[in-house]
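Asker: Sequence:
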Amino acid sequence: MPIVNIDADIKARWPQGQCSYSPASPEELAIIGVDLLVRELGAESAQAFMNQVFEKYPTSRRE
Numbered sequence: 207m208p209i210v211n212i213d214a215d216i217k218a219r220w221p222q223g224q225c226s227y228s229p230a231s232p233e234e235l236a237i238i239g240v241d242l243l244v245r246e247l248g249a250e251s252a253q254a255f256m257n258q259v260f261e262k263y264p265t266s267r268r269e
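When we follow this note's numbering, the leftmost residue of the sequence shown carries the number 207, and every step to the right adds one.
Just so you know, these hints were derived from the structure itself, not from any lab. All values reported here derive from a predicted model rather than from experimental measurement. Cβ coordinates follow ideal geometry from the N, Cα and C atoms, glycine included. Please note that the accuracy of each hint is not assured.
Restraint-style ranges between C-beta atoms, simulated for each label pair [said to hold, decoys possible]: (1) 222 to 264: 33 to 41 angstroms; (2) 251 to 210: 26 to 34 angstroms; (3) 260 to 209: 32 to 40 angstroms; (4) 212 to 245: 15 to 23 angstroms; (5) 265 to 226: 33 to 41 angstroms; (6) 261 to 235: 17 to 25 angstroms; (7) 222 to 265: 15 to 23 angstroms; (8) 220 to 265: 33 to 41 angstroms; (9) 227 to 258: 22 to 30 angstroms; (10) 212 to 256: 13 to 21 angstroms; (11) 265 to 215: 30 to 38 angstroms.
Straight-line distance between alpha carbons at most 20 angstroms, and here's what the computed SDA-like set of lysine to any residue pairs gives [to be verified]: (12) 217 to 237; (13) 262 to 232; (14) 217 to 229; (15) 262 to 251; (16) 262 to 230; (17) 217 to 230.
The whole structure should be built from the sequences, with the hints applied where relevant.
Answerer: As structure tokens, this is what we get:
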């Protein structure tokens with residue numbers, strides 16, 4: 207399995223504050239993206255959005 211390294215500096219701003227992130231892996235980038243999505247849309251709408259993405263991929267087990 208290939209290993210992906212990410213070199214990014216993410217700055218997010220909103221009326222109540224700001225955050226900076228430096229993800230180093232796809233997993234960290236996904237967590238940051240989900241966190242920002244929940245802040246923007248709320249938990250229920252963010253989950254519905256993510257479900258649309260997961261519907262594009264068949265479920266399979268990794269063995």
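Asker: The structure should be examined with respect to each hint, and the outcome stated for every one.
Answerer: Each hint, compared with the structure:
1. 222 to 264: 33 to 41 angstroms: Cβ of residue 222 to Cβ of residue 264: about 40 angstroms, so the range 33 to 41 angstroms holds.
2. 251 to 210: 26 to 34 angstroms: 28 angstroms, holds
3. 260 to 209: 32 to 40 angstroms: Violated - the Cβ-Cβ distance for residue 260 and residue 209, about 23 angstroms, lies outside 32 to 40 angstroms.
4. 212 to 245: 15 to 23 angstroms: Holds, since residue 212 and residue 245 (Cβ atoms, about 21 angstroms apart) stay within the stated range.
5. 265 to 226: 33 to 41 angstroms: This hint holds: roughly 35 angstroms between Cβ atoms.
6. 261 to 235: 17 to 25 angstroms: The hint (17 to 25 angstroms, Cβ to Cβ) holds, given that residue 261 and residue 235 are roughly 21 angstroms apart.
7. 222 to 265: 15 to 23 angstroms: 37 angstroms, violated
8. 220 to 265: 33 to 41 angstroms: 34 angstroms, holds
9. 227 to 258: 22 to 30 angstroms: At roughly 24 angstroms between Cβ atoms, residue 258 and residue 227 fall inside 22 to 30 angstroms, so the hint holds.
10. 212 to 256: 13 to 21 angstroms: 20 angstroms, holds
11. 265 to 215: 30 to 38 angstroms: Holds - the Cβ-Cβ distance for residue 265 and residue 215, about 34 angstroms, lies within 30 to 38 angstroms.
12. 217 to 237: 15 angstroms, holds
13. 262 to 232: 19 angstroms, holds
14. 217 to 229: The given pair, whose Cα atoms are some 11 angstroms apart, holds under the 20 angstroms limit.
15. 262 to 251: Between residue 262 and residue 251 the Cα gap is close to 18 angstroms, so the pair holds against 20 angstroms.
16. 262 to 230: 26 angstroms, violated
17. 217 to 230: Status holds; Cα separation ~15 angstroms.
The structure does not agree with the numbered hints 3, 7 and 16 stated previously, though it agrees with the rest.
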